[in-house]
Amino acid sequence: MTDAAAPPGRRGLRLPGPTVPQERVVVGWPTMKRIDAWRGHLGAARDAVAIVVRTIAELEPVLVVAEVGEGRAAAGWIGDGVEVVELPMDDAWLRDTGPVVLTDADGGRAAVHFGFDAWGGRHDDYTLDAALGGALADHLGLAPERAPFVLEAGAVTATADGTVITTASCLLDPARNGAVDAATVEAWFADWLGAARVVWLPSGLADDRAGGHVTNLVAVGGDGRILLQTTTDASDADHHAAAAARTALADAGLEVVELDVLPHVACFDATVEVPYVNLHVGNAGVFVPLGGAAADGEMLDRIADCFPGRQVVGVPGTVLAYGGGGVRTLTCPIPAGSAD
Numbered sequence: 001m002t003d004a005a006a007p008p009g010r011r012g013l014r015l016p017g018p019t020v021p022q023e024r025v026v027v028g029w030p031t032m033k034r035i036d037a038w039r040g041h042l043g044a045a046r047d048a049v050a051i052v053v054r055t056i057a058e059l060e061p062v063l064v065v066a067e068v069g070e071g072r073a074a075a076g077w078i079g080d081g082v083e084v085v086e087l088p089m090d091d092a093w094l095r096d097t098g099p100v101v102l103t104d105a106d107g108g109r110a111a112v113h114f115g116f117d118a119w120g121g122r123h124d125d126y127t128l129d130a131a132l133g134g135a136l137a138d139h140l141g142l143a144p145e146r147a148p149f150v151l152e153a154g155a156v157t158a159t160a161d162g163t164v165i166t167t168a169s170c171l172l173d174p175a176r177n178g179a180v181d182a183a184t185v186e187a188w189f190a191d192w193l194g195a196a197r198v199v200w201l202p203s204g205l206a207d208d209r210a211g212g213h214v215t216n217l218v219a220v221g222g223d224g225r226i227l228l229q230t231t232t233d234a235s236d237a238d239h240h241a242a243a244a245a246r247t248a249l250a251d252a253g254l255e256v257v258e259l260d261v262l263p264h265v266a267c268f269d270a271t272v273e274v275p276y277v278n279l280h281v282g283n284a285g286v287f288v289p290l291g292g293a294a295a296d297g298e299m300l301d302r303i304a305d306c307f308p309g310r311q312v313v314g315v316p317g318t319v320l321a322y323g324g325g326g327v328r329t330l331t332c333p334i335p336a337g338s339a340d
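Start counting the sequence shown at 1; every next residue gets the next number (the working numbering).
Be aware that one or more of the hints could be misleading.
As the list claims (entries may be wrong) - Label-pair ranges, simulated between beta-carbon atoms:
no., residue 1, residue 2, range
1, Asp161, Glu58, 25 to 35 Å
2, Asp251, Gly178, 48 to 58 Å
3, Ala294, Glu58, 19 to 29 Å
4, Ala6, Ala294, 29 to 39 Å
5, Ala266, Val68, 17 to 27 Å
6, Arg197, Ala6, 19 to 29 Å
7, Asp124, Thr271, 24 to 34 Å
8, Ala143, Val68, 29 to 39 Å
9, Asp124, Pro335, 15 to 25 Å
These are computed hints drawn from the structure, not numbers from a lab.
Ideal placement from N, C-alpha and C gives every residue a C-beta, glycine not left out.
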């Protein structure tokens, strides 16, 4: 008999791999509150997100979460056929602020509400986002379970066998959980993500405002292989980070497929990186951010090879990257459960 009060990992639930069937995906709508993060380009951000939403909605059920007072405008921007709900929120990056839904082999689910501190204090005002994981879980009819530590879901990814991949630069950052060591984090992951083991990558991409999320460095393929964002440019600041990640993944016995082009794209007043691996995997499709690089087609083919049976679709990624995210960062997947 399991203890109902025990953390979900001890009850046999775990962070699912990418191909677990989903009930829907929830997408965040860019907020007026964070208009400064888009540096005068909130309209362009909303255009980009609307395209992502409409593209995903052709293949998957989508729920859009808008800040209070912006739901009608969001619905008009997106168009018919997509449900929009208003919830108190600060930012659009729902991968990091929404609930993390674990699953088990019997169709059980547990919605975990992790602590949130705006990526180690990137913003001063994040009280609404700190509560959003629980509020969204409640809206979806999933009783949230509160974890005792800070974690953004963009900082982790999982294989089908319960291997969780993360970065030391993010999880061991004292701005999030104080002076913790890897053993403490691994115990947390076992309890709250059902992790069978943890693979540590040293760091994420240098330009990642979240402090090196694994989201911008690796994606787990539907066939179990690991897509690794690399670059052949030895002068690129991310060349050595990718090489170190490749070594760590190989040492863990994971097969790696390299995406060896990291697009650097002009966007408004900046040059941004658009990593292909910041993607969303749905039931029928894989939605990949693109920056218009010459290698986009080749990289999509490599990704498609790792997701047999799914349609791989490119969506505009440059403006999302300008705001600090990508398609995975924007999306909060809700795995399907039994009739609960």
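Hint check:
Distance hint for aspartate 161 and glutamate 58: a CB-CB separation of about 31 Å, consistent with the stated range 25 to 35 Å. The hinted range of 48 to 58 Å is not satisfied by aspartate 251 and glycine 178, whose Cβ atoms lie roughly 28 Å apart. Hint check: alanine 294 to glutamate 58, Cβ distance near 26 Å, so the stated range 19 to 29 Å holds. Restraint check, alanine 6 to alanine 294: a C-beta distance of roughly 52 Å breaks the suggested window 29 to 39 Å.
Judged by the Cβ atoms, the range 17 to 27 Å given for alanine 266 and valine 68 is violated: they are separated by roughly 35 Å. Restraint check, arginine 197 to alanine 6: a C-beta distance of roughly 20 Å satisfies the suggested window 19 to 29 Å. A C-beta distance of roughly 27 Å is found between aspartate 124 and threonine 271, which places it inside the suggested range of 24 to 34 Å. Checked against the hint of 29 to 39 Å, the pair alanine 143 and valine 68 fails, with Cβ atoms roughly 23 Å apart.
Separated by about 34 Å at the C-beta atoms, aspartate 124 and proline 335 break the suggested range of 15 to 25 Å.
When the structure is compared with the earlier hints, violations turn up for hints 2, 4, 5, 8, 9 and for no others.
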